[in-house]
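A.B. asks: Single-letter residue listing:
2 protein chains.
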Amino acid sequence: MNPNFPSLAGIKAAHRRIQPFIHRTPILSSEAINEIAGCEIVFKCENFQKVGAFKARGAANAVMKLNEEQKRKGVATHSSGNHAAALARAAGVAGIPAYIVMPSNAPEIKKKAVKGYGGEIIECEPNLMARETTLESVVARTGATFIPPYDFMDVIEGQATCALEFLEDEEGIELLMAPVGGGGLLGGTALTAYYMSPEVEVIAGEPTGADDAYQSFQAGKIIPQSGPNTIADGLLTSLGELNFELIQKYVSDILLATDPQIIEAMRLIYERMKIVIEPSCAVPLAALLANKDRFNGKKVGIILSGGNVDLGKLPF
Amino acid sequence: MNPNFPSLAGIKAAHRRIQPFIHRTPILSSEAINEIAGCEIVFKCENFQKVGAFKARGAANAVMKLNEEQKRKGVATHSSGNHAAALARAAGVAGIPAYIVMPSNAPEIKKKAVKGYGGEIIECEPNLMARETTLESVVARTGATFIPPYDFMDVIEGQATCALEFLEDEEGIELLMAPVGGGGLLGGTALTAYYMSPEVEVIAGEPTGADDAYQSFQAGKIIPQSGPNTIADGLLTSLGELNFELIQKYVSDILLATDPQIIEAMRLIYERMKIVIEPSCAVPLAALLANKDRFNGKKVGIILSGGNVDLGKLPF
Chain A
1 MNPNFPSLAG IKAAHRRIQP FIHRTPILSS EAINEIAGCE IVFKCENFQK VGAFKARGAA
61 NAVMKLNEEQ KRKGVATHSS GNHAAALARA AGVAGIPAYI VMPSNAPEIK KKAVKGYGGE
121 IIECEPNLMA RETTLESVVA RTGATFIPPY DFMDVIEGQA TCALEFLEDE EGIELLMAPV
181 GGGGLLGGTA LTAYYMSPEV EVIAGEPTGA DDAYQSFQAG KIIPQSGPNT IADGLLTSLG
241 ELNFELIQKY VSDILLATDP QIIEAMRLIY ERMKIVIEPS CAVPLAALLA NKDRFNGKKV
301 GIILSGGNVD LGKLPF
Chain B
317 MNPNFPSLAG IKAAHRRIQP FIHRTPILSS EAINEIAGCE IVFKCENFQK VGAFKARGAA
377 NAVMKLNEEQ KRKGVATHSS GNHAAALARA AGVAGIPAYI VMPSNAPEIK KKAVKGYGGE
437 IIECEPNLMA RETTLESVVA RTGATFIPPY DFMDVIEGQA TCALEFLEDE EGIELLMAPV
497 GGGGLLGGTA LTAYYMSPEV EVIAGEPTGA DDAYQSFQAG KIIPQSGPNT IADGLLTSLG
557 ELNFELIQKY VSDILLATDP QIIEAMRLIY ERMKIVIEPS CAVPLAALLA NKDRFNGKKV
617 GIILSGGNVD LGKLPF
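The listed protein sequences correspond, in order, to chains A and B. Heads up, the first sequence is in this note's numbering, so the first residue is 1 and it goes up one at a time. Heads up, the second sequence is in this note's numbering, so the first residue is 317 and it goes up one at a time.
Don't read these hints as lab results, they were simulated from the structure. Mixed in with the good hints, there may be bad ones.
What the hints assert, rightly or not - Quick partial rundown of chain B residues pointing at chain A, CB under 10 Å, derived from the structure: (1) 364; (2) 583; (3) 586; (4) 605.
Just so it is clear, the structure is predicted and the values come from calculations on it, not from any experiment. Just so you know, even glycine gets a beta-carbon here, dropped at the ideal spot from N, CA and C.
Whole structure, please, built from the sequences with the hints as guidance.
C.D. replies: If you want it as structure tokens, here you go:
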């Protein structure tokens, strides 16, 4: 086990550090969904989080931990998703520069969010090679610190604060679920649960159309995602190394859900809970509903990871 | 003034009466919306209410106030909207029959909701005459008590409990806004504000495509709605008589919003607050944004009336 993984004291310190800049998000439930699921579900609503996703936590923690010299030079990342907006916002709050490398075909709304928080966008060709070389040249030119979206200790430590609030605010949770993409949220959640309530089982939900975490978990080694195809567009990425180490050690299972199951779970959350979530958010509930027996009569905590969705492209 | 209007003690008693059967709904806000609006807005989220709308309050109050003999015979109404589901649920909770007259072309989802709560649906031709005669024959056959959707003291008293919670839970509100259709919510809100905080101005939002309340308010007499045409499909109905009396006395203004303005306000609430509302809900915010000067720098409480929307027909 990597000795540098955050300690419980570290996660608690991270929570104090970022508290002024994030919401302590509410926990909601729905009798109708409980009836359908055959268990008691409480939802931690990170869709109400700043920048609309849990990513605000990790980015804020990573930025606030920089020393003065690093802060002066700013931060950089490559992302077209919630991490880009989260890092731009954290940097904006700290009054430091943020350089965000985005593919030229990134949605206008994502670019607008980054600019709105004061981030500087550097466009590149829409492929991994271009993204990495562009980021390298930005870092070389500016001296900015690269803050990766998930495979990074301070980001994992920040994401771990979500489960900290969840387990503090809600008693009796027996199973804790989160979606898995790169594994930042899942790794942090598993770590916090292990420290605070080792009897709580941590289970991930993953789309069948991007099941690299499931495959890696079964194989005992990272199997990169190739050709992902799912509506859960926040979960397309491959598992990070640090994240995989945490998942192997502290996650008890990864359950899959098909896109029709994800859309059905998403519709349930919109219709019954009256909240806006992005498709990736619905994956744990979809995986639970596809494996009801496993959860029967239990109390389950599900982290709803974000609410940034193109309203013009809802799947219903 | 009609001497039978609910007193403050009556509204408080109604609140105690229905409390076991309703949610004390949360109050949310959005810095981004405040910035756009140029004032501080707090939203009372009745979209999270039981049956997805404030209508749960009035229906529960009316049902719980029946005597034993009346309860035995049940309740009846004609409605294809939230009042139908709310009355069916209130009756179901009380263990009494609910007879709901619905037009044969009512949306399947509305029928399903009524049946889900144990209500009995009686279909009729989709016109006012058929609705009224069908209701009369149901009442004659069953002896059930007719609970009208808004022009009824016990319903107004129930809807008035929403503003009671709002003013108890949130300090410093200077203006209170609600949408206006039949006037049950607006009338009850105005009455509660008058009793609890007479310095609070109560202002309605109404669609230009169904502006009978505005017309009536200007004319000083009820001008029935003819040929309504708006996306705010919960506000098509004409003002009730009791409701108009309250509005004339305690509402300071009715502001209009066009459908494009309503859709824009609806999008803001979905995107920025990450909650699901029905179009009627967005009317007060739309009216506020169309009359910003009037609200500049003030603290405004807006009641979001409901969240029952056909997700397949969102206007964006």
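A.B. asks: Hints numbered earlier in the text: which of these fail when held up against the supplied structure?
C.D. replies: 4
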